[in-house]
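K.L.:
Read top to bottom, the protein sequences are chains A and B.
1 is the number of the first residue of the first sequence in this note's numbering; add one for each residue after it.
1001 is the number of the first residue of the second sequence in this note's numbering; add one for each residue after it.
Since the hints were made in silico from the structure, they are not lab data.
Do not take every clue at face value.
Stated by the list, open to error - FRET-style restraints, in silico, Cβ to Cβ: (1) B:Asn-1038 / A:Arg-100: 51 to 59 Å; (2) A:Ser-76 / B:Arg-1063: 46 to 54 Å; (3) A:Lys-77 / B:Leu-1041: 58 to 66 Å; (4) A:Glu-177 / B:Phe-1058: 51 to 59 Å; (5) B:Leu-1046 / A:Val-160: 39 to 47 Å.
Computed from a prediction, not measured in an experiment: that's the story for all the values here.
In this text, a Cβ means the ideal position worked out from N, Cα and C, and glycines have one as well.
In case you want the letters, here they are:
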Amino acid sequence: MGTALGLELTTDEQLAAQAAREGSDGPAFVALVDRFRARVWRVCFRLMGNEADAHDAAQEVFVRLFLHRARFAGRSKYSTWVHGVAVRTCLSLRRSRGRRQKREHAAPPAHEHPANMPGLSLDLAKMLETLDEEDRAMVILKYAEEYSYEELAEIFDLSVSACKMRVSRARDKIQREYGGEMKNDE
Amino acid sequence: MLRSEFCLSFMDIFDQLSSVDVPPPPATLDRDVHCRLNHRLLTVQLVELFTQTAWFAFRHFARAFVGLCVFTVSGKYVEDRRDRPRQGP
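Using the sequences and the hints, build the whole thing.
P.N.:
Spelled out as structure tokens, the structure:
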């Protein structure tokens, strides 16, 4: 679609400005979805931990991108803004699910099941669940998606040093809590 | 175990994160986004329509209701000049 309309040569920021002027999900927004589909999906899958939740989260991210498309002020790169929206959406979905499941006193949240992180060892999934939601997201983006501290700082609206400190503290926390178990395993 | 070895094994654990394969996005994602967006827009527009027209409707019917009450109590009909059609000079 982007090719047919000659949108493939425009930058993300130009497309975003064009999408902000569109009344519905027109060609510019469709082109943006096309460009960011894979990246948003990766972030959602990493943070949500399973395909069903990631699918739901990715849809919500694109809906929010559309509804808030006029809020992009151009202070950062459009891709950074999209990643920020994706991370915040995933965090809010995980928090609301956690609250709902606490209220219902049901089985532990779906994302706590290690089986929902295919390929990831049971221990690491469990370890990450002990972290605060934002710290967990930072650690995952840092180590799984190899984001730089500068990118994390822009996404989480923090300073670079604050990001470094939070990732380091999250690692320390895991080491403190699971260090004994690991030593025993050895 | 030495502390350095212990830390190294923890770094290996974090490295496991990048070894998890991410499946490709579902083929229905675009369609689902479009459907969800349409539902959301419909809801937003209905809410906007209601909130923006509610005050106007309330004022309109409240005036009629107050007029009814005044007429019931006093027997006089309060004329609202604003309702009169404009007359030419």
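K.L.:
All hints, please: hold or fail.
P.N.:
These are the hints, each one checked on the structure:
{"no.": "1", "hint": "B:Asn-1038 / A:Arg-100: 51 to 59 Å", "result": "26 Å, violated"}
{"no.": "2", "hint": "A:Ser-76 / B:Arg-1063: 46 to 54 Å", "result": "51 Å, holds"}
{"no.": "3", "hint": "A:Lys-77 / B:Leu-1041: 58 to 66 Å", "result": "27 Å, violated"}
{"no.": "4", "hint": "A:Glu-177 / B:Phe-1058: 51 to 59 Å", "result": "58 Å, holds"}
{"no.": "5", "hint": "B:Leu-1046 / A:Val-160: 39 to 47 Å", "result": "44 Å, holds"}
Hint compliance for this structure: hints 1, 3 are broken, all remaining hints hold.
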